[in-house]
Amino acid sequence: MKILKCHVGMGDKVEGEALVAKDNFSARYDLDRIKGVFSRPDHELAGQSYDGKILVMNTSKGGVASAWMLHEMKMRGVTPKAILFNTANTILAQGAALADLTMCDRFEEGDVTDLIQTGDRLEIDPAAGTVTIANRT
Amino acid sequence: MRLTDEEEAMLAGKMGKARQWAIDHQIKVGRMFDAEDLVPVSQAHMMGDPEAVGEAGADFLEGMADDGARVAIPTITDPRGVDLSYYEPMGQTEEMATLERRIVGALERMGVMMTNTCINYQTIMPPVRGDHVAFGDTGVVIYANSACGARSNFEGGPSALAAGLTGRTPRYGLHLDEKRRATRRLRVSEQPRGLTDWGILGAVAGKTVGSYWEVPVIEGLEVTPTSDEMKHLGAAMASYGSTPLFHLAGITPEAPTLAAVGGDTLESELLDADAMGAMRSRFGGKGDKLDVVVFAAPQLSLVEMEQVSRLCDGQTLKVPLFACAAPQVYPDAQRMGFVDKIETAGGKVLVGTCFYNGFAREVGEANGWTRLLSNSAKIVNILGGYGYEPALASMEDCVSSAIAGEIV
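The listed protein sequences derive, respectively, from chains B and G.
By the working numbering, the letter at position 68 of the first sequence is numbered 68, and the numbering carries on one by one without gaps.
Adding 137 to a residue's 1-based position in the second sequence gives its number in the working numbering.
Derived from the structure by calculation, the hints contain no laboratory data.
Be aware that one or more of the hints could be misleading.
[To be verified] Cross-link-like lysine-lysine pairs, in silico, DSBU-like; alpha carbons within 35 Å at most:
(1) K22(B) with K61(B)
(2) K485(G) with K22(B)
(3) K5(B) with K316(G)
Could you build all of it, start to finish, from the sequences and the hints given here?
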């Protein structure tokens with residue numbers, strides 16, 4: 001297994017399968033939050049389901065409204081298991097804190113969307129600031 | 138994070154469940170952004186319209202109110218999503234209004250003042266230089282930081298509420314001196330004239346820097362913006378760039394000189410006329426069909442209400458025109474006859490909402506509105522993602538187009 005080091009994040013330890021895109025994330029504009037799929041046609045993951053996945057993306061976008069939306073997704077039970085970013089913006093981090101969603105960013109080894117590939121098995125430890133890729137050496 | 142005895146007591150639940158949630162939330166966020174402690178704030182401003190809050194958020198807010206949550210500092214609100222005196226004609230549903238009423242009810246029980254405005258720096262209590270606040274609307278934050286020299290991060294609804302409950306916020310980002318220094322130096326070659334030009338300048342500057350952690354200092358301005366022009370400059374910059382702070386060399390309080398914010402050591406980048414023109418030509422063409430004209434984002438000041446009313450006076454509008462007024466502005470606008478002039482011409486003044494945050498997609502579909510004209514660069518940016526084809530024009534051209542029924 002391979003261990004990546006990141007900034008201390010938030011939320012609980014989680015394990016899951018990665019869904020990676022070299023694109024950004026807006027809870028407000030990119031998602032069909034009822035169906036749990038990326039809905040904006042020109043998003044790299046358009047049509048794909050994020051439910052139960054660990055999303056790995058570049059950064060988060062959107063204004064203050066998006067702080068409420070992760071919570072709403074979590075309550076409805078259609079939500080990513082965790083989100084990893086190169087850089088999270090403040091609003092989505094606040095939203096993750098409300099929703100108790102695991103979120104980490106700022107990876108020491110470089111661009112996280114290169115370091116992790118779709119389908120990788122990940123173990124995230126936000127308090128320690130580590131992400132383990134179980135299927136790689 | 139370093140906590141005071143009082144903060145430890147909050148975290149231990151000795152000051153109630155709501156404050157315990159609030160400070161726990163702030164510690165989680167603060168840890169992620171390397172805050173060393175919490176900083177007392179003088180006021181909080183909270184965004185919580187029903188479209189964003191949703192059913193789950195309304196349940197959460199009602200639960201907080203049931204737990205006896207009470208705000209500890211003046212806590213005010215951003216525009217609502219539903220004007221409860223005028224939602225059916227907008228095509229908003231009873232379900233939307235019910236959600237709105239639930240959220241308002243819960244916030245009122247917590248002692249939140251329902252000011253419903255995104256121009257609180259013009260209508261309620263502008264913060265002063267060095268004032269730490271927890272503001273929750275990107276346009277409000279950028280104005281407070283830049284024009285007033287106050288200190289705030291973008292605080293989403295839950296975080297602004299947490300600040301209201303604890304009277305503090307985690308000390309990271311723009312609460313720190315070093316994060317307020319300029320990181321990009323932009324020079325204008327064209328002097329902005331009028332609200333829309335200032336909005337275009339903000340949009341171009343925002344797109345150029347494009348990050349929460351970049352602070353542009355703008356040089357070369359020979360004109361000093363009015364408060365309304367500064368409002369459009371900031372709202373557009375925050376919308377296009379996620380930018381929370383800018384400096385105008387020789388104008389804004391922290392930048393009496395370029396050197397005062399470290400701008401003298403940065404390479405100057407020219408925002409030329411082509412960049413501004415490209416921003417203008419991204420939007421609609423003359424003679425195009427027009428469905429609706431909107432003045433909002435940010436809400437109108439009394440001065441803007443007077444300007445719109447003068448343009449509408451004695452005219453007959455062929456397409457619907459909406460002007461979103463701050464609730465503090467509305468009574469004056471009514472008393473002075475501005476509302477009457479706009480509505481006699483066929484327009485409508487909405488109170489306490491801001492159009493784009495009130496189920497704009499559903500409203501557009503219910504009324505068959507696609508081609509939307511506004512003088513706000515911010516609203517044009519946002520509504521493009523909501524099924525509209527928005528176009529940008531000056532206030533004068535917006536009203537002339539509403540009279541002609543097509544873009545002039």
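These are the hints, each one checked on the structure:
Of the pairs offered as hints, the one joining K22(B) and K61(B) holds, with about 14 Å between alpha carbons and a cut-off of 35 Å not exceeded. With a C-alpha separation of about 44 Å, the suggested pair K485(G) and K22(B) falls outside the 35 Å cut-off, and the hint is violated. A C-alpha spacing of about 25 Å is found between K5(B) and K316(G), which places the hinted pair at or below 35 Å, so the restraint holds.
Hint compliance for this structure: hint 2 is the single one not met.
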